[in-house]
Structure formats: structure tokens, C-alpha cells
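S.K.: I would like the entire structure built from these sequences, with the hints used as guidance.
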Amino acid sequence: MNIAVCVCQVPDTASVIGFVDGIRDLARVNEVMNPYDEYALEEAVRIKEHFTGSVVTVFTIAPASAKEMLRKSLAMGADRAILFDAVLSDPYQTAVALSRALVTFYADTLPDLVFCGKQSTDFQSAQVPAMLAELLGIGAVTGICSLHASSEGLQVEREIEGGVESFDVHYPALFSTEKGLNIPRKTSIKSVMESRKKTIDLFPLSLDEASSVVMTGMTPLDRKKRCQFLSDEKELVRLLSEEHHLF
Amino acid sequence: MAMNKYLVFLEQRDGIVKKASIKLWNTFQKLAAMHDDIAVCGLFVGAADLHQLQVTLVGAGVVYYASSTGFSLYNPERYASLVADTFKREACSTLFFADTILSRELAPKLSVRLNAALLSGSPMFDAAGVDSGSLRSVYSGSALASFHSDRLPRIYTISSFPIIPANPSRTHIDFIPLQQPCSVNGEELFPLVRMMTMREGRGDVTEAGIIIAGGRGVGGADGFALLEQLAFLLGGVVGASRAAVDEGWRPHSEQIGQTGRTVAPALYLACGISGSLQHIAGIGSASLVVAINSDCHAPIFDVADYGIVGDASLVLQKLINAVQDFLKKK
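Just so you know, the protein sequences line up as chains A and B, in that order. Counting in this note's numbering, the first sequence runs without a single skipped number right up to 247 at its last residue. Counting in this note's numbering, the second sequence runs without a single skipped number right up to 330 at its last residue.
Zero decoy hints are in this set.
Below, computed lysine-lysine pairings styled on DSS-like, alpha-carbon distance capped at 30 Å:
| no. | chain 1 | residue 1 | chain 2 | residue 2 |
| --- | --- | --- | --- | --- |
| 1 | B | K23 | A | K225 |
| 2 | A | K190 | A | K67 |
| 3 | B | K329 | A | K234 |
| 4 | A | K224 | B | K318 |
| 5 | A | K224 | B | K23 |
| 6 | A | K224 | B | K19 |
| 7 | B | K19 | A | K225 |
| 8 | A | K234 | B | K330 |
| 9 | A | K48 | A | K198 |
| 10 | A | K224 | A | K234 |
| 11 | A | K225 | B | K318 |
Covered by chain B, according to a simulated footprint, are these stretches of chain A (three or more residues, beta-carbon under 8 Å):
| no. | region |
| --- | --- |
| 12 | 121 to 131 |
| 13 | 166 to 176 |
I should point out that these hints are in silico values taken from the structure, not numbers from a laboratory. C-beta atoms are modelled at their ideal positions from N, C-alpha and C, and glycine is treated no differently.
M.R.: So this is what it looks like as C-alpha cells:
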């Protein structure tokens, strides 16, 4: 089975996004693999371990500095990693670039499975996976929290508001992964050493697709309120009812 | 004046129309009442309780519906075809969804199919009706980014709504059934929903008006009994912080924050939640925030309207008693 995993880099969630003169400053930010992509990669590697002869290939579209992240993906169990060197500006461009990357790599035979993280933790738009599936002409289930694969097909589940939706899925298909699907493995020193033997390829990618949505600005968000401290629960109940008419 | 025709997707789950979808339609009807150049039509897909729609939707226009059983459960291919066909047939300029799990999947799919710009998770633009941009929080809620698109058509998933004082002068909505074949060519190759299981007795945090949320300070799974009791008294639902979910005290479906759900209740009561940046990112749209925490320096108090410093369980017990007394007198 051929399994493709699409990953991207985001600022570490512990990083503080700074602003200098009102302009976003990413100088002090530590870039890591998008946490949702770790679930995607882990699930791909588990399927590979279950179906002998499977190959997991990791794709990223990023500056060459993202090689460190790809090294980690190899240590987690991917067989090969490919970096397409391009700078992207919106989710649609990203989806088009990924679809071209996959078609370039796999030629006429699409991979049996494509995994993506549900969303990136920086811009959180969650658009790329479903766009990519539509561009590739394959089915997709986004935000899955459970997956059972057999050689004939797959059964997946996702949480919806107030319940769970279960899907029957044929190959080929794309899934985006939600927290709770699995617990990504920690990389051992041995796996890191072994990953040094695997290859990371750099491919050029030409992009002529204009972006459809442009980010025009960013400002720090201050949610601070002035908290009124109370010492009496009865007073709180009175305020909620009489001042705010909540019950 | 160029006419803007908007298509509003009315989402149902288990035969119940989403509150957010109803709000979306009604807000647009108010806008249309103020602006001559806006027309609104709707699309409802699934087993239709037309009566529910008739009593909740205001304004004027047409709501198309496809209610054959083939549409009851979400089906990505069928739903996408139906929306795309309706959008094109009605020559719409913009497609609106409530920001839900379904729309976060369907909208990107449709944006490729319709060659439309997609703006996800936008607050609805203001009463002026300017619709080329979107403003939303990024980087775990630490920054606010503005997005713009020149491209038409456009698709929005709308996460919060402005208050518009106007009222539509009349309510006259035509409900027109769509004679749509419910299967789409080649759909057997695509994912098919086998079943949908709704949780009994537990409300959903994304639609709740009152949320009683607990974190590590609640002390354990048992401690949530008090939160459930208070939620029951106030007609609210229970939510949880990442810490409480990671401990296995509550299901992930109740998690609020960056890796959980984004919520917009009238009251958010945070018990024993310290208030990480990631948690606060999920409650930015809450109207009123009340925090209970034993640490008076906990960051949750920085974003709260009211605070009580103390052990979560002790304060909750007193609060429950106070609410019971209050409700008795009322």
C-alpha cells in the first residue's frame, strides 16, 4: 500500500508570537511539526506496520529549513520524505501545490491513502485537506478520531456536534486527523540514528496559481477584562440573574 | 445597483436544524431588510421538519429543500452536488454556512468545485453589509488577522453574528421541494456515512447558552458531578479543559480550547481552570466569563468578568445551594 502524509511546520505552541511596531515578529519562534500532522503520520505508520510491503512517504511544501522536521518524520517511521521548495500564501495554493507534488511523485497511480492533520495550529483554517481531496478526485473524511483498515476498505469515525458519525470508505481516500485518533510515538535514539540512512529529497515546484484570499494585516489580540472579585456566591447568583438576565 | 444574491445553507443533524443556521438566515434577512441590493435564498438538506423552519425563520424569500431519505444523513458527494447546483441555478454570488464540523468539510470541497474564495470561521460582517473580508483569531488566539478576497464567488463559514436592530417587515417564505435525484454518479466510490449516533442526555458545547466547564482544579472525574448538577439547574451543559480531558475525566467532545471546540455561550463558568492561552482561544466569543480558582493569580481571572477565589468544589457546592435558594424564591 502506498501512503502519503502531508505535513507542515508551525510555531511551537509554547512560542509567543511577538509584534514589533504592529508587525508580526516570528524571530523568537521555534518551528515544529504541526501537532495534528503527528497524528496523521502515526496513523500512516501503524497501517504500514499492519500491511507488509507498504511505503509511507512524507510530503511538505516549505523552505529548505524544514528538513529537520522531515528528519523527525523519518525517525517516527516514514520511509522517505520529500520537500517541495516553495512559498505559499493561502490554503488553496497549498492544496494545489500538494496535489501537484503528489501527482509528480506518484505519476498515474494515486496513493491508496493520503493523511493530513485536521488543521495547522497557526492559521487554523482546516481547508487544505478537503480541497486537496477534491483536486485529486478522491473521497475524504475530515477530523477522524478512529480508523479500522482492512484490505477491502476502511471504517472511520469522527466526532460531530453532539454525536459520532461512522463512515464506510473505499481506497483511495484522504483523511484528516483529529486529536484522540492515536498517541504519536516518541522517537528513540535508535530510530533517530536509523533515520539518517533514509533519504530526504528536494524537488522544485512551480506555482502559477494566484492566491484567492490575501491576509491584509495582523494585530495582537488583547482579551483582558477587568475582573470583579466576589466573596459571596449569593451575590454572584444575584448578578447573573438581575444584571445579566441569565436565569 | 448590482444585486448580491446570497445562498444560506441550513444545516440539520438528526432532523434538528442547527441554531446557528437559523441565526445565520435571520441575520441575513435583517440585512436584506436594510439593503435593497441584497437578496437571500436558502437550502435545507435532509429530513425536513418544515414546521420547525416555518416558526423559526423570519423574512422573505425562497427556501429550497431536499428531504428524501437519501439526504437525511450527511453525504459529502450528494450534499456538495446539491449545493453547487442550487448555487449556480440561482446565480448566487456568495454562499454562507454556519461554522460547523460539516461546513468545515463541505465548504473547502465546494470552493474547489465552484472556484470560489473561501473564508472560514469569520465573524459575520457588520450591518453595513461589506462582505469582501474576514477577521479571525490566529496563533491560538494571540493575534487577530484580517483576510481579503477580490474573487467572486465567495464562500463563508460564519462563527459569530452581529446584533442588527432592524426587523424584516414581513415574513413570507416559500418552501419549495427540489426534485433532485438523490444519488450522484460514481458516489459509491466515495465515503458513505454508515450511521450517526447522537449522545443521549448530554448537550453540545458549541450550541449551549450556558457552559459549566471544569479543569484540573476539579480534582477528578467524580468532581464533575457538581458541575453536572449546576449545569442541570441552569439549563446548561458541561465542558472541560484540555487537562481534564487528558486525565480521562471527560470525553474529548467536551474539550474547549484550541484543540477542542470553540464556544460562544452567554455564560461561561470556568471551575478550576487556570486559563492557558490555548484554552482562552476557545472562549473568546463568550459574552460573560465567570472564573472560580484557588489561585488568585491564575490567568483565567484576566479574561473573566467575575471571579471567586477558592477551592472549585467548595465554591461550586455553595453556588449550587445559592442557585437552588434563588430559584425557589423566584
